[in-house]
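Residue numbers (our numbering), protein chains in the order written: chain A, 33 to 341; chain B, 1051 to 1354.
No wet-lab data here; the hints were simulated from the structure. Since the model is a prediction, treat every value here as computed from it, not as a measurement. Worth double-checking, as some hints may not be accurate.
SDA-like, lysine to any residue: derived pairs with alpha carbons at most 20 Å apart [unchecked claim]:
1. 1343(B) <-> 149(A)
2. 1343(B) <-> 152(A)
3. 331(A) <-> 1188(B)
4. 1207(B) <-> 300(A)
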Amino acid sequence: MHLARSSPRGAGEISPSKRRKRTGQGRAAALFLLPAGLGFAIFYFYPTVRGLILSFTNTTTLQSGSFIGIDNYTKAFSDPLFLNALGVTFLYVVINIVTQTLFALALAFMLHRVAKAAFWRSFVLLPWLVPGVTAALLWMWLLDPSLGLVNGIFDSLGWAQLPFFAAPESAITTVAMVNTWRYTGYVAILLLAGMESIPGGLYEAAALDGAGEWRMFRSITVPLLRPILTLVLIICMVGSVQIFDTIAVATEGGPLNSTNVLYYYIFQKAFTNFDLGYASAMAVVVLAILAVLTLLQFKLSRGNESDLS
Amino acid sequence: MTTNLNIKHVAKAEPGKLNLLKLIGWIFLIIWAVLVIAPLLWTLKSSLSVNDQLFQGPLSGLTAPVTIDNFLRILGFGSSAAAEGGSGATLPFAQFFVNSVVYTALTTLGQVVCCTMAAYAFARLRFPLRNFIFGIFLTALMIPPIFTMLPNFLLMKNLGLVSTMAGLVLPTLLMTPFAVFFMRQFFLSVPREIEEAAIIDGANHWTLFSRIVAPMVKGPILTLGIITAVQQWNDYLWPLLIGRSDSSTVLTVGLSRFLAQSPNGAIDWSGLMAGSVLTVLPVLALLLIFGKKLVGAIQFNGIK
Chain A
33 MHLARSSPRG AGEISPSKRR KRTGQGRAAA LFLLPAGLGF AIFYFYPTVR
83 GLILSFTNTT TLQSGSFIGI DNYTKAFSDP LFLNALGVTF LYVVINIVTQ
133 TLFALALAFM LHRVAKAAFW RSFVLLPWLV PGVTAALLWM WLLDPSLGLV
183 NGIFDSLGWA QLPFFAAPES AITTVAMVNT WRYTGYVAIL LLAGMESIPG
233 GLYEAAALDG AGEWRMFRSI TVPLLRPILT LVLIICMVGS VQIFDTIAVA
283 TEGGPLNSTN VLYYYIFQKA FTNFDLGYAS AMAVVVLAIL AVLTLLQFKL
333 SRGNESDLS
Chain B
1051 MTTNLNIKHV AKAEPGKLNL LKLIGWIFLI IWAVLVIAPL LWTLKSSLSV
1101 NDQLFQGPLS GLTAPVTIDN FLRILGFGSS AAAEGGSGAT LPFAQFFVNS
1151 VVYTALTTLG QVVCCTMAAY AFARLRFPLR NFIFGIFLTA LMIPPIFTML
1201 PNFLLMKNLG LVSTMAGLVL PTLLMTPFAV FFMRQFFLSV PREIEEAAII
1251 DGANHWTLFS RIVAPMVKGP ILTLGIITAV QQWNDYLWPL LIGRSDSSTV
1301 LTVGLSRFLA QSPNGAIDWS GLMAGSVLTV LPVLALLLIF GKKLVGAIQF
1351 NGIK
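Construct the complete structure from the given sequences, taking the supplied hints into account.
Put into structure tokens, the structure is as follows:
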């Protein structure tokens, strides 16, 4: 009905109606974009510009400062604690990403090929839904050196007790494992999406040829998953570099700065030492690290499309 | 769907063969399930035990009698904290819970409405510099939150909005780049014919949007709402910067402050675990109701 009525009209007066429609659309677009545009301008664009400017000043949280050139940046790269933060963050990202990805691959394999019930998919997401602060607290309690359940179990098994968060040697690994606990299910769901995009016919054909699950995993799943695996790795790294909650709650950067990661150090500089200019300069460095990772992600995800479709 | 069915047939074709990899897989999955569930159950059990019991030894919580006193006292209904063997610190968790609900509800509602509108404009309307503006929105996706948070804090300080609910809510009330991007993808996949017919019938863009196009993407709108709500409920860094009064403190910040107030060596674990349970219950409910949608949303979020 609608189409039948519309076609003769549209054919009759193409140019005037189109022009009227366009200006009408411009006005409508402005109204539709107004709220989100305001939010963007005030809370994303303006602070981005302001943050860049701040990084070249000695502004504090208490008073505005003056322009000091690249002093904050040169200071950062000779600040042992900033270099420590870079190192600790790197170590954290490596431990977290390696363990999380391996476990997630195993979980995703199970969800894809064996435990196919929808229940399992929701179930593995459970730790991801627990707030980071809560996850930090409940593991602090479980891993408490003297009262924690884990050391209690170790003790009754006759094993040595571990200090976990309390010793510089084990603190960052413990933080990494807590976040592996929290994110593995989430990563497994991401990988599962990749596995599901692999044509099922390949598995059928391989099974008819007598291939077992391990052979199929090695020869079909892993090679065809590789582009998506790379993408997921980058998404995870971007998240992992920004670790904050667990450390702010469980270790406060300690013991002996062994968990003083970038986000926490920046937070401390800005809100304990009020050195906003310096904190902004360090945030620019984080921005640069993440920008490289994100550009890599965009590039890879575009390459992916041709691979999969 | 069809491939799944086929795989089942193939699997049935050789039933006697016990697959070692599958066996290892099940063992792994079950160990994982225990690792997921046990800490949460231990949290629940600890929240239902008194501190005096917990302090007797690592395993004493197992046999401690069940009590809801911890919940009563952190919510402000119960006896004094010291009587329960706690640290004596008291914080109004009932108020923090309400603050969390308000923060989550306002920002989720605001974002979903405003970002759906913006996404409609980017997907459907023609206007000058459309792709350029969308491109700028997209680049904001890669800016780490801490970078914009420092100047935003300064802004809130200048406006006198630190320690207020307004300061807490404003930065995420109107948009996040992700939400705009997410909704635009869905609008692009909705066929245009119906709208075109409606335009010719004289419907204006608002009617078109609110009566025709938005209802067609109500599934994705719900999905976006769920992911946003989970994120906002779990949010910590911004609420930590802004929430410096009881009336602007959300649960996550309240919990960490409760921990910080405990003296070393006498941490009020049963109170903290009761608070932890409060933070988990709402997201657990979301998972139970919307589990499938959440799984789909995450898969879209990362890959599709």
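Taking the hints in turn, this is what the structure says about them:
1. At most 20 Å may separate the alpha-carbon atoms for a hinted pair to count; residue 1343(B) and residue 149(A) meet this at roughly 15 Å.
2. Taking the CA atoms of residue 1343(B) and residue 152(A), the gap is about 14 Å. The hint holds against a cut of 20 Å.
3. Pair hint residue 331(A) plus residue 1188(B) holds up; C-alpha atoms about 14 Å apart against a cutoff of 20 Å.
4. Between residue 1207(B) and residue 300(A) the alpha-carbon distance is near 18 Å, which keeps this suggested pair within the 20 Å criterion.
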